[in-house]
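2 protein chains.
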Amino acid sequence: MLNFNYSIPTKIFFGKGQIEVLGNQIKNYGSKVLLTYGGGSIKKNGIYNRVIEILKDNDIPFWELGGIDPNPRIDSIREGIKICRENDIDFILPVGGGSTIDCSKVMAAGFYYEGDPWDLVIRKSKIEKSLPIGAVLTLAATGSEMDAGAVITNLETKQKLGVSHPSMAPKFSILDPTYTFTVPKNQTAAGVADIMSHTFENYFTLEDGAYLQNRLAEAVLKTCIYYGKIAIDEPENYEARANIMWASSLAINGLLSYGKETIWSVHAMEHELSAYYDITHGIGLAILTPPWMEYVLDDTRLDKFVEYGVNVWGIDSDKDKYTIAKESIDKTKEFFISLGIPMTLREVGIGEENLENMAKAAIEHKDGVVGNFKPLYCEDVLAIYRRAL
Amino acid sequence: MLNFNYSIPTKIFFGKGQIEVLGNQIKNYGSKVLLTYGGGSIKKNGIYNRVIEILKDNDIPFWELGGIDPNPRIDSIREGIKICRENDIDFILPVGGGSTIDCSKVMAAGFYYEGDPWDLVIRKSKIEKSLPIGAVLTLAATGSEMDAGAVITNLETKQKLGVSHPSMAPKFSILDPTYTFTVPKNQTAAGVADIMSHTFENYFTLEDGAYLQNRLAEAVLKTCIYYGKIAIDEPENYEARANIMWASSLAINGLLSYGKETIWSVHAMEHELSAYYDITHGIGLAILTPPWMEYVLDDTRLDKFVEYGVNVWGIDSDKDKYTIAKESIDKTKEFFISLGIPMTLREVGIGEENLENMAKAAIEHKDGVVGNFKPLYCEDVLAIYRRAL
Chain A
1 MLNFNYSIPT KIFFGKGQIE VLGNQIKNYG SKVLLTYGGG SIKKNGIYNR VIEILKDNDI
61 PFWELGGIDP NPRIDSIREG IKICRENDID FILPVGGGST IDCSKVMAAG FYYEGDPWDL
121 VIRKSKIEKS LPIGAVLTLA ATGSEMDAGA VITNLETKQK LGVSHPSMAP KFSILDPTYT
181 FTVPKNQTAA GVADIMSHTF ENYFTLEDGA YLQNRLAEAV LKTCIYYGKI AIDEPENYEA
241 RANIMWASSL AINGLLSYGK ETIWSVHAME HELSAYYDIT HGIGLAILTP PWMEYVLDDT
301 RLDKFVEYGV NVWGIDSDKD KYTIAKESID KTKEFFISLG IPMTLREVGI GEENLENMAK
361 AAIEHKDGVV GNFKPLYCED VLAIYRRAL
Chain L
1001 MLNFNYSIPT KIFFGKGQIE VLGNQIKNYG SKVLLTYGGG SIKKNGIYNR VIEILKDNDI
1061 PFWELGGIDP NPRIDSIREG IKICRENDID FILPVGGGST IDCSKVMAAG FYYEGDPWDL
1121 VIRKSKIEKS LPIGAVLTLA ATGSEMDAGA VITNLETKQK LGVSHPSMAP KFSILDPTYT
1181 FTVPKNQTAA GVADIMSHTF ENYFTLEDGA YLQNRLAEAV LKTCIYYGKI AIDEPENYEA
1241 RANIMWASSL AINGLLSYGK ETIWSVHAME HELSAYYDIT HGIGLAILTP PWMEYVLDDT
1301 RLDKFVEYGV NVWGIDSDKD KYTIAKESID KTKEFFISLG IPMTLREVGI GEENLENMAK
1361 AAIEHKDGVV GNFKPLYCED VLAIYRRAL
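Heads up: the sequence lines are chains A and L, in that order. In case it helps, the numbering used here puts the first sequence at residues 1 to 389. In case it helps, the numbering used here puts the second sequence at residues 1001 to 1389.
So that you can see chain A by itself, here it is in the shape it has in the complex (with noise of 0.2 Å):
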């Protein structure tokens, strides 16, 4: 095991109407709020209207910025950082998935900075400090609820880049699973997805010695596989929202990660697809991974597979060690179909056409090599890219 420090400063209100703590948690922190959300989901469902009395009934002024773009860009963040300042706002207000946090996350940092928030993102400048966000979350996806992370697009240039600051991190969020019930089936699914990608990719290392955090991981996955069809099948299955939701916290707030080395793979090969294509993330994730786990498994990773197949799957240890691994992957892949998730990029309008100059940029994007479970260069990131067509 790796030496780590352990932070995970958020606090979690988890529950049905937890969303009561909402007026004297902001006042912890703030005073003038800017309230950011995405395409009016949270408007149709009554979310918007119930934040608003909160705010209201607790004489706390407001601002709004609505209309963030799943794949959030850099030009929303440009416009918020823009109304915080005109209006000495000191708290922002995220309501939605992990779009719209991590795009407020961006502004929240970006509002301490005085030139192009886009410099934060390529690291052309340092983050130094962040405004206080606090997240309300509708979608179990990204993880951003508990993170300090961030990813951000930037249509022009054509870049989905990831960025981090322990500053970025919300104070707090509000994760009630009955804001999640109507999250369309295939939402739902690329959520799902999404959270099983966060665990494999710090799950498949080489042997690290992080037995205790390759059993967490595990946990997660079987609380995907278990509950992830039932939350398709069942929308307002409270249990399967609730353990979803929890699941997209844990998966990447560094329970499963500290103490291991991990530098994702798959994540860096789907951002090009959405930087490209504009996809949804969790479905170019799970269209990309078991082309990812066939190209990568050999001998050296074998055992990690095995593993992965016995743990997970619970599939018969007495087998051959590479029917295990190919029994896990293909189980992997009929969970994924089982969802309602397409399997092939040209189902989602993908082509050979940018194959090539989305291998060269993720690699350009990672200094070079992706991951480094099985590192992969610009010839075997088209080859995966390829397989998965």
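Just so you know, the hints here were simulated from the structure itself, not pulled from any lab data. Every value quoted in this text rests on a predicted model; they were computed, and no experiment measured them. Do not take every clue at face value.
[Said to hold, decoys possible] Lysine to aspartate or glutamate pairs mimicking EDC-like chemistry, simulated, CA-CA at most 20 Å apart:
#	chain 1	residue 1	chain 2	residue 2
1	L	Lys1260	A	Glu379
2	A	Lys16	L	Asp1367
3	L	Lys1016	A	Glu207
4	L	Lys1016	A	Glu261
5	A	Lys319	L	Asp1316
6	A	Lys16	L	Glu1239
7	A	Lys32	A	Asp57
8	L	Lys1126	L	Asp1367
9	A	Lys43	A	Asp208
10	A	Lys260	L	Asp1318
11	A	Lys360	A	Glu334
12	L	Lys1016	A	Asp208
13	A	Lys319	L	Asp1208
With the hints as your guide, set chain L onto chain A.
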């Protein structure tokens, strides 16, 4: 899954050499330190000298209180508070295991209370705030390094009681697995039993929808089972010590209990053993666990034992349910025996003489009933004690 409010603010510095952060970390919270420790093992293994060096190098004035007993006593707390008040101490630094940390927590709370600190333990008065504390852990067992609770013994009144307050959680804890290399075999075994017992107390509940938490608990149990014997046979096996140390923190920091209704059983029964006979807590827990499991196993609780047997011990799920349940209990007992733990009360010097008094006391300290997996009344506790003789 029940509603919960998650807050685990303790920072953890985990791994070899992390003691180097001590000086700077203390300065974040205080300027004059009370260094507390137990029977002196830290003087033999060099940890004491290193801590003193760091305090001196950082020009941090400090006072000392050594000799804190296992099953820490209220007298030590009274003494510590006196030293803190006389010297305007503003930070407490326990270096040791759970006893030293627990004792320091109640000192930290008692510092702000004018009356006798035992009032806080018996809830005659409420804890309002505490001095900041930071811990250097030398024994993997109680999880006190990352939670807000403490268990204190009053030998005069033969009481061993738990007390908890958010302000008592350490600001930071330093967990260097090499610091546990010199822990003797019997203390290592007791520590593993303690970690497993914390996990059992969180795990054994009736159907609660906390699927993810139950899988996380199994991860902790599997880690103890995998590494427990290795840590005893190879005391300097870093991975074994590291995994057990991190398991000790995660077993009781809230991760396994948030979202569940957990009213502990075996701990309440064991506390009377330690209060009457001053035996090692972990050993008492290990002795009582199999008889408790046998006693509470019935049709209502059968499925939980099956879950335990199949998921933790890998027992064939096609077997008859009662067979699985009984095998899981046998395996638990065999595991404790493999660690060299005595499996009867008589072996640790406890006979019939106080069983009734202890059963009555256990019930009284829990307002009439122990636990809620199967609620236990006085005759039940007595029956379990007798079964353990």
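Hint numbers not upheld by this structure, sorted from lowest to highest: Hints 1, 2, 6, 9, 10, 11, 13 are the ones this structure does not satisfy, whereas the remaining hints hold.
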